[in-house]
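Engineer: Position chain B relative to chain A; hints supplied.
Protein chains in written order, with our numbering: chain A, 1 to 252; chain B, 253 to 504.
Just so you know, nobody snuck in bad clues.
Computed spacing ranges between beta-carbons, pair by pair: (1) B:Leu304 x A:Pro112: 46 to 56 Å; (2) B:Ser279 x A:Leu52: 23 to 33 Å; (3) A:Pro110 x B:Arg420: 46 to 56 Å; (4) B:Val346 x A:Val97: 48 to 58 Å; (5) A:Thr245 x B:Asp463: 43 to 53 Å.
Here are some chain B residues the structure puts well away from chain A; computed CB gaps all over 12 Å: (6) Ile258; (7) Glu305; (8) Lys342; (9) Phe344; (10) Gly345; (11) Leu348; (12) Gly380; (13) Gly396; (14) Asp413; (15) Asp416; (16) Ala478; (17) Glu479; (18) Asp481; (19) Arg488.
The hints are simulated quantities; they were obtained by calculation from the structure and are not laboratory data. Owing to the predicted nature of the structure, the values given are computational and were not obtained by experimental measurement. Note that CB positions come from ideal geometry on N, CA and C, so glycine has one too.
Residue-level listing of the chains:
Protein chains: 2
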Amino acid sequence: MPEPEIRISAAVLVIGNEILSGRTQDSNLAYLAARLNDYGIQVREARVVPDLEDAIVAAVNSLRARFDYVFTTGGIGPTHDDITAECIAKAFGVPLVIDDEIAEVLRRRPAPPEAMEARMRMARVPQGAGLIRNPFGPHGFHIGNVYVMAGVPQVMRAMIDGLDGQLRRGQTIRSRSVTADLPESRVARRLGEIQAASPHIDLGSYPFFRDDRHGTTLVMRGSVEAELDAMLEQIRRMIVELGGTPTDEQRT
Amino acid sequence: MPEPEIRISAAVLVIGNEILSGRTQDSNLAYLAARLNDYGIQVREARVVPDLEDAIVAAVNSLRARFDYVFTTGGIGPTHDDITAECIAKAFGVPLVIDDEIAEVLRRRPAPPEAMEARMRMARVPQGAGLIRNPFGPHGFHIGNVYVMAGVPQVMRAMIDGLDGQLRRGQTIRSRSVTADLPESRVARRLGEIQAASPHIDLGSYPFFRDDRHGTTLVMRGSVEAELDAMLEQIRRMIVELGGTPTDEQRT
Numbered sequence: 001m002p003e004p005e006i007r008i009s010a011a012v013l014v015i016g017n018e019i020l021s022g023r024t025q026d027s028n029l030a031y032l033a034a035r036l037n038d039y040g041i042q043v044r045e046a047r048v049v050p051d052l053e054d055a056i057v058a059a060v061n062s063l064r065a066r067f068d069y070v071f072t073t074g075g076i077g078p079t080h081d082d083i084t085a086e087c088i089a090k091a092f093g094v095p096l097v098i099d100d101e102i103a104e105v106l107r108r109r110p111a112p113p114e115a116m117e118a119r120m121r122m123a124r125v126p127q128g129a130g131l132i133r134n135p136f137g138p139h140g141f142h143i144g145n146v147y148v149m150a151g152v153p154q155v156m157r158a159m160i161d162g163l164d165g166q167l168r169r170g171q172t173i174r175s176r177s178v179t180a181d182l183p184e185s186r187v188a189r190r191l192g193e194i195q196a197a198s199p200h201i202d203l204g205s206y207p208f209f210r211d212d213r214h215g216t217t218l219v220m221r222g223s224v225e226a227e228l229d230a231m232l233e234q235i236r237r238m239i240v241e242l243g244g245t246p247t248d249e250q251r252t
Numbered sequence: 253m254p255e256p257e258i259r260i261s262a263a264v265l266v267i268g269n270e271i272l273s274g275r276t277q278d279s280n281l282a283y284l285a286a287r288l289n290d291y292g293i294q295v296r297e298a299r300v301v302p303d304l305e306d307a308i309v310a311a312v313n314s315l316r317a318r319f320d321y322v323f324t325t326g327g328i329g330p331t332h333d334d335i336t337a338e339c340i341a342k343a344f345g346v347p348l349v350i351d352d353e354i355a356e357v358l359r360r361r362p363a364p365p366e367a368m369e370a371r372m373r374m375a376r377v378p379q380g381a382g383l384i385r386n387p388f389g390p391h392g393f394h395i396g397n398v399y400v401m402a403g404v405p406q407v408m409r410a411m412i413d414g415l416d417g418q419l420r421r422g423q424t425i426r427s428r429s430v431t432a433d434l435p436e437s438r439v440a441r442r443l444g445e446i447q448a449a450s451p452h453i454d455l456g457s458y459p460f461f462r463d464d465r466h467g468t469t470l471v472m473r474g475s476v477e478a479e480l481d482a483m484l485e486q487i488r489r490m491i492v493e494l495g496g497t498p499t500d501e502q503r504t
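Just chain A, with the same shape it has in the complex (with noise of 0.2 Å):
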């Protein structure tokens, strides 16, 4: 069955205090990023916002009208600076009410009563959201093109994983990279030739230095595989003129 030829593009927003100060490394965008791929959608644009409403409601407004979807991570647990679901509601102009499913999933694991109480903030969810699983504990939940999902990485990632074949599917983006042991700037002119020849691939050019010696790795990004191995072959044949020699080729 050939692939569908829409891009479906979206859009990741990071909700946290946590990740501005420099405390905490986000892993998130780039996990999301290559899952989202897998499904056929494409990351264009990622936001890093602090728990602040004004800043949140903004953002999230800003990119849902910008991208076919929009997926949050993180504050959505069951303290005073969890306010991602208040947002997203405030953000669609709808009020919040108890998920009943939610509310199930809470009660299960018992917990003194203040303890139960401060959980059940997570039962919250915007008027009209559909729920997202969570395999660990209380589900996220999606509105309009918007999901929300956790922070802890290791639930974020549950979350995603278990969207498959629940969003719209795009075209899923291939790869090729090949290495080349000459520094950027003597593969720069040839590599621009080959990209303007080819629009369609998106040709980078990552420059490294290791063991004392520049280095390049070239990546292609593209739709059409026969047009991405067409590419990778006149790079490795342009690396092998220019007197260096083509290794580490990957195809994803």
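Structural biologist: Structure of chain B alone, referenced to chain A:
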């Protein structure tokens, strides 16, 4: 000497398809956020955009209007996909010019004529820009409140480290943290009360699951050391009162 009481804000703009495809895990934001806080500057938003002119120009113009500083990483090499310099020039409405000092640095390392021509792309800066020192090669630049740095972490770090003392200095945010062997929901209500009583301090709660047990790390961030110490003491007492043991205390 007492610290100045003004807050100085920054945004980080990460430029590069490789971050949005998930191929490369960004580590520049976390380093920049911590380093800028040492300089008395707080990162309040971060964005990742692809190597596309419209996306870069729009993000630069939006962020530079809203924050005291903007720091960009990526897209300043010698190849066709390095378009940051022209995008910044376009955002500021000025032409690109050759910077003699960068050109001199580039000429120092011998290269075949074709490679040298490609490297001279890196000498182009927006008219009126100042330089950001790079001990490894061509300098970055700054114009207005926008600082343009390399994407390669080793080079980016040298560039931001070299800006020590050259940026406006505001409050440095200090932090305290302590870990409770209690699930987040157990501490939630009391944390909310503690936060409400001290709105100047940002109190964050970060749950984790380790060795089959739920735990929570509490992080306090603010500019007044005595206030932070007082809140840390309150939270330590709260953990004990709830039947837990406070551990892993940290001060920065």
